[in-house]
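Visitor: Protein chains in written order, with the working numbering: chain L, 43 to 434; chain E, 72 to 660; chain B, 27 to 214.
Please keep in mind that the hints were generated in silico from the structure rather than gathered at the bench. A portion of the hints provided could be inaccurate.
Label pairs and their computed distance ranges (CB to CB) [what the hints assert, rightly or not]:
hint, chain 1, residue 1, chain 2, residue 2, range
1, B, A71, E, L381, 48 to 54 Å
2, L, Q275, B, M27, 26 to 32 Å
3, B, G37, L, T271, 50 to 56 Å
4, B, P189, L, I254, 45 to 51 Å
5, L, T413, B, G55, 46 to 52 Å
6, E, T93, B, P189, 49 to 55 Å
Glycine is no exception: its CB is placed at the ideal position from the N, C-alpha and C atoms.
The lines below spell out each chain.
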Amino acid sequence: MRQVLEGSHAVSEAVRLARAQVISAYPITPQTHIVEQLSEYCANGTLDARFLRVESEHSALAALIGAASSGVRTFTATSSQGLALMHELLHWASGARLPIVMAEVNRAMAPGWNIWADQTDSLAQRDTGWIQLYCENGQEVLDTTIQAFRLAEWVNLPVMVNLDAFFLSHTYEPVDVPDQKSVDRFLPPYKPRFQLDLANPCAFNQLAPPNIYMEMRHNIQMAMDEALTFLEQMEEEFESILGRRHGAVEAIQCDDAEIILITSGTVTSTSRQVVAELREKGEKVGLLKIKLFRPFPVNMLRERTASASKVAVIDRNFSFGASGIFAQEVKAALCNFPGHPPVYSYIAGLGGRDITMEVIENIYWLTKKSTAPENESSWVGLREVDHAVGQS
Amino acid sequence: MATQQPLTNPSPLLIPCSYLTTEGNKTGSWRFLRPKYEEKTSPCSAACPAGEDIGRVEMLTAQGSFKEAWETILLENPFPGVCGRVCYHPCEQQCNRREFDEPVAIHILERFLADTASRYELKPSLQKLESKRQKIAVVGSGPSGLAAGYFLTLLGYQADVFEALPEPGGVLRWGIPLYRLPLSILNQEIAQIRELGVQIHCGKSISQELLRGGKSEYDAIFLGCGHSRSLPLKIPGEDLDGVKNGLQFLTKIRRGEVADLEGTAAVIGGGNTAVDTARSAARLGAKVILIYRRRRQDMPAFAEEVEMALEEGVELWELQAPVKIAAQDGDFVVTLRHMQVVEKNRQKRARIKPDSNKKKEIRVQHLFKAIGGEASEPWYDPPKKKRGMLRLSDCVLLHKSREPTLVYGGDLVADIKSVAHAVASGKQAAIALDILFNEGLDAVRPKLQTCLVGDGPSISLETYMSGPRSLRNHRVVRYHDLNTDYFQFAPMITQPRLLREERFQSFAEINLKIGASLAIREAERCFNCGLCNQCDNCQLFCPEIAVTRDNNPRGRHINYDYCKGCGLCVVECPRNAMILEEELLCDRS
Amino acid sequence: MVEIRFHGRGGQGTVMATILLAKAFFRDGYQVQSFPLFGVERRGAPVEAYLRLDQTEILIRTNVYTPDHVVVLDQTLLESIDVTVGLKKSGWILINRPSPPANLDSFSDYRLAVVDATHIALKNRLGTRTQPIVNTAVMGSLARVLGIPSMGAISEAIREEIPRQPKANIKAAETAYKEVQMLEVVER
Numbered sequence: 043m044r045q046v047l048e049g050s051h052a053v054s055e056a057v058r059l060a061r062a063q064v065i066s067a068y069p070i071t072p073q074t075h076i077v078e079q080l081s082e083y084c085a086n087g088t089l090d091a092r093f094l095r096v097e098s099e100h101s102a103l104a105a106l107i108g109a110a111s112s113g114v115r116t117f118t119a120t121s122s123q124g125l126a127l128m129h130e131l132l133h134w135a136s137g138a139r140l141p142i143v144m145a146e147v148n149r150a151m152a153p154g155w156n157i158w159a160d161q162t163d164s165l166a167q168r169d170t171g172w173i174q175l176y177c178e179n180g181q182e183v184l185d186t187t188i189q190a191f192r193l194a195e196w197v198n199l200p201v202m203v204n205l206d207a208f209f210l211s212h213t214y215e216p217v218d219v220p221d222q223k224s225v226d227r228f229l230p231p232y233k234p235r236f237q238l239d240l241a242n243p244c245a246f247n248q249l250a251p252p253n254i255y256m257e258m259r260h261n262i263q264m265a266m267d268e269a270l271t272f273l274e275q276m277e278e279e280f281e282s283i284l285g286r287r288h289g290a291v292e293a294i295q296c297d298d299a300e301i302i303l304i305t306s307g308t309v310t311s312t313s314r315q316v317v318a319e320l321r322e323k324g325e326k327v328g329l330l331k332i333k334l335f336r337p338f339p340v341n342m343l344r345e346r347t348a349s350a351s352k353v354a355v356i357d358r359n360f361s362f363g364a365s366g367i368f369a370q371e372v373k374a375a376l377c378n379f380p381g382h383p384p385v386y387s388y389i390a391g392l393g394g395r396d397i398t399m400e401v402i403e404n405i406y407w408l409t410k411k412s413t414a415p416e417n418e419s420s421w422v423g424l425r426e427v428d429h430a431v432g433q434s
Numbered sequence: 072m073a074t075q076q077p078l079t080n081p082s083p084l085l086i087p088c089s090y091l092t093t094e095g096n097k098t099g100s101w102r103f104l105r106p107k108y109e110e111k112t113s114p115c116s117a118a119c120p121a122g123e124d125i126g127r128v129e130m131l132t133a134q135g136s137f138k139e140a141w142e143t144i145l146l147e148n149p150f151p152g153v154c155g156r157v158c159y160h161p162c163e164q165q166c167n168r169r170e171f172d173e174p175v176a177i178h179i180l181e182r183f184l185a186d187t188a189s190r191y192e193l194k195p196s197l198q199k200l201e202s203k204r205q206k207i208a209v210v211g212s213g214p215s216g217l218a219a220g221y222f223l224t225l226l227g228y229q230a231d232v233f234e235a236l237p238e239p240g241g242v243l244r245w246g247i248p249l250y251r252l253p254l255s256i257l258n259q260e261i262a263q264i265r266e267l268g269v270q271i272h273c274g275k276s277i278s279q280e281l282l283r284g285g286k287s288e289y290d291a292i293f294l295g296c297g298h299s300r301s302l303p304l305k306i307p308g309e310d311l312d313g314v315k316n317g318l319q320f321l322t323k324i325r326r327g328e329v330a331d332l333e334g335t336a337a338v339i340g341g342g343n344t345a346v347d348t349a350r351s352a353a354r355l356g357a358k359v360i361l362i363y364r365r366r367r368q369d370m371p372a373f374a375e376e377v378e379m380a381l382e383e384g385v386e387l388w389e390l391q392a393p394v395k396i397a398a399q400d401g402d403f404v405v406t407l408r409h410m411q412v413v414e415k416n417r418q419k420r421a422r423i424k425p426d427s428n429k430k431k432e433i434r435v436q437h438l439f440k441a442i443g444g445e446a447s448e449p450w451y452d453p454p455k456k457k458r459g460m461l462r463l464s465d466c467v468l469l470h471k472s473r474e475p476t477l478v479y480g481g482d483l484v485a486d487i488k489s490v491a492h493a494v495a496s497g498k499q500a501a502i503a504l505d506i507l508f509n510e511g512l513d514a515v516r517p518k519l520q521t522c523l524v525g526d527g528p529s530i531s532l533e534t535y536m537s538g539p540r541s542l543r544n545h546r547v548v549r550y551h552d553l554n555t556d557y558f559q560f561a562p563m564i565t566q567p568r569l570l571r572e573e574r575f576q577s578f579a580e581i582n583l584k585i586g587a588s589l590a591i592r593e594a595e596r597c598f599n600c601g602l603c604n605q606c607d608n609c610q611l612f613c614p615e616i617a618v619t620r621d622n623n624p625r626g627r628h629i630n631y632d633y634c635k636g637c638g639l640c641v642v643e644c645p646r647n648a649m650i651l652e653e654e655l656l657c658d659r660s
Numbered sequence: 027m028v029e030i031r032f033h034g035r036g037g038q039g040t041v042m043a044t045i046l047l048a049k050a051f052f053r054d055g056y057q058v059q060s061f062p063l064f065g066v067e068r069r070g071a072p073v074e075a076y077l078r079l080d081q082t083e084i085l086i087r088t089n090v091y092t093p094d095h096v097v098v099l100d101q102t103l104l105e106s107i108d109v110t111v112g113l114k115k116s117g118w119i120l121i122n123r124p125s126p127p128a129n130l131d132s133f134s135d136y137r138l139a140v141v142d143a144t145h146i147a148l149k150n151r152l153g154t155r156t157q158p159i160v161n162t163a164v165m166g167s168l169a170r171v172l173g174i175p176s177m178g179a180i181s182e183a184i185r186e187e188i189p190r191q192p193k194a195n196i197k198a199a200e201t202a203y204k205e206v207q208m209l210e211v212v213e214r
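Next comes chain L alone, as it looks inside the complex (with noise of 0.2 Å):
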């Protein structure tokens, strides 16, 4: 049923049809009211979990890493600090293989203090073993958390579901909540491939000496891009069963395109409409979603941008020393195939900073005069600050 629905409501919503059986987090702005709504669904009765309250996001993963040994379904939530907090962990769960959603509410890292929209967070943990997928609303982050379930098991790797913060988490909007039995059609009971048993007991995890230990990364690896063949598979069904499919990346007018868009989160939608208006006015602009951050769809990237001449990454995140994240990956894809388009990186939105129409129209005609890429990135709507320190 469609209804009007939070953005972070709409991840509270899959979990309870994901029907997750252990819930564990620590709040931190802005992820509070998803686990907030799912703590309510717990302590009623809607929704048949053990939700644990911990002292910090290091236990909250550390938690679901014991109950996911133990062959449940986990979810939990955070963002941030948060994120940064459980990294030691978040290689343990993926390493260990274990099937644990989280959903990631894009938020800046401190200092300057900061609890608004930036993605350098979730992609700080770019190399830690975990499926990252990207969403621009709210349906889409109700349908990808349901997903992030089922491909998770799949695969045995962890899944984080991003969202911008509260561009995507605190806004309101209609949003379709399938009904029970269609997910549960789509999403069977948990069937762990391995579990703790009192029965049979034995460690998980030991010593893994150099003789095993690249054979145990290579697993992973192999289960990487088995991932992303899955994804599509399972979309496929998704689809079947409750009409809609969001894709791993998504082309808009990227066929006849001379300048390709590449965007990520919200930043998407309102490219949307930027990208309307200008091929109103005749320009030939397409735009390009990635969604699958980790494993990267390289093939489909290659293959969507092949046939323009400029292609811009509009990145609201930044790796010091270096330049838009999303740009170094799409960079990467590209440089082995000949005759790539140059790869502009643009550098917007940081910290909560609004990304208007104007905003990204401007990165196109900034794009479209160039002749060549002037730097590794450019920084969108700098404002002239005074660099005095103390001073406010």
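Chain L is already provided as a structure; the job is to place chains E and B on it using the hints.
Guide: Frame of chain L; chains E and B shown alone:
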């Protein structure tokens, strides 16, 4: 993208998994700190003059083991019924729970246990040591004398208590009013002491001759004669006919020789006898004024007693020193000089001096002096200094060859004149004599040190007799040593009392009984500082499952093959009943 | 697309009003989007919230800079902030206050409506005397001013979303719908 075959099965997983036992991995070899069960001393116990093992008493009470709890008190104090009522409970002042919310009502629980024992006519199972040949005479059957007899008997000696008056009890019987201590309670506890084997001979005064002479049948004599003669005011008119003495007044009331009082009564003094006299006079119908030369906070009387006296309508005149008493038409006119504080000292009593020459007069129908007492015979007091004399914290020992050893105890030597201190004195005397008889005079002081409760001065008979408590560390547990995360806030129980109006109708006991469920709830508030109450936290938190329950008296042991010394058990012990100590290589065997 | 900006103070139900209105508009067939000004929440502090509505899917996910209409739940805000910033010409300004202000100069480019939502809330015992919850009354008056959404949709949204005193809240919305005063402002 090329169309692929649909995935039907996920690809194989590679994760390390072992079905081998990890028992061979003796994580104990990593250890450089060793956790140990080591019980410590609770601050209440260290503050109790009688050294009662309060932490354990409350633990047993909380478990409903009332008899065992009562017997635990009896090991250190023969008067739980008396002390539960009249002791000023310094234990509660030191209760760690005071820093958390409110102290545990230790005195109410002590009284509850005694009342319960009495109600069910319980007989304590106390073990006496084997009989010794020495005989000891005890002069005076007040609390110190009875305690000395009691502890000597427990240590295996024959003790004969001599009392000049027809009934035993001393100040407990004659000096403490019935509304604080009903006779039945006193009689019960004295009967218990007699049952243990203490001989009490009433109506027998002792002459100084007993102290001398090599032919005495006694090896030692304990003098606990108390202070029964009141001190003089040293002002004109104090010996006028009709000016009464507080202690004698209280005694007469106990004998039933006092009629109702009419008009106003003045009581001069600030000690417990003065307050008891004032409250008793109020009960007999007088309007009472309590005259004290210092301030209320300087009064040696217990604060709670003063509080209740005021509640009952006694008027307190502070900073008034009587300088003259005159008789006038059957009344007394007391001249009072105003005093002022010269030096305030938080710890001690204020120093005072006359405030210029301000005076006033007060006319009263009854006048009582109650400014303290002294020994009624000079030879009751210990001599100033003598060879063979040992001044201990609660008694003075005088050892003479070929003559009985003398021990001066109770109020004769006490700074704070309380029942608990009298018990402490009797206990110290008994233990000191036992050491003296067995190991000689020089061993007395060092041996007494070994049975101190905490840092002392109180000592424990249980420790002396090497009971379970002797294994306990003397370190006193402080609030910051506890892990209070495990305790819930709960207010202290309120002592049920007679209404103010009901108190005037008789000398009926003011403080009423509490029931078992209330007592258990209050005892559960006790942190049991330093004691293990088998809460199992050490076992629950041990990451190596190295803590095992077994049949040893502590209920559990640590398997050092696997304990890696992380110290979680020690941190999570709510009561500080464990320690973590550096491991010495030689400990490893 | 219509964009509406709401000004209120923390605790008045400003954000809740935009959510309920979003739900009411959605019932009436509109696509909606509502969100608060993203910041730190505090009782009594100025609060802003936004509502977008359109016949087609709303793609834009940015803040609202040029609202079509403005709603002010607390008239004391007029003294501290300029509520007309970015407001489109001839847009409505709906203010919760007992009567129209004497001086209308600052509203000359716009259309003005006033409703005594505080009085209506108090009469229906919504909130406390010192902190009346005025949002449902404001919703009712806005429905009259804009002509949308229907009062039926507003009542339904209230009934579904407000667990406490739904009847009194609906009553407040209906009263406000009737009592709101719409002023024709002279253009100069």
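Visitor: Determine for every hint whether it applies to the structure shown.
Guide: Each hint, compared with the structure:
1. B:A71 <-> E:L381: 48 to 54 Å: holds (53 Å)
2. L:Q275 <-> B:M27: 26 to 32 Å: Cβ of L:Q275 to Cβ of B:M27: about 38 Å, so the range 26 to 32 Å is violated.
3. B:G37 <-> L:T271: 50 to 56 Å: With a Cβ separation near 52 Å, B:G37 and L:T271 satisfy 50 to 56 Å, so the hint holds.
4. B:P189 <-> L:I254: 45 to 51 Å: violated (57 Å)
5. L:T413 <-> B:G55: 46 to 52 Å: holds (49 Å)
6. E:T93 <-> B:P189: 49 to 55 Å: This hint holds: roughly 54 Å between Cβ atoms.
Hints 2, 4 from the list above are not met by this structure, while the remaining hints are.
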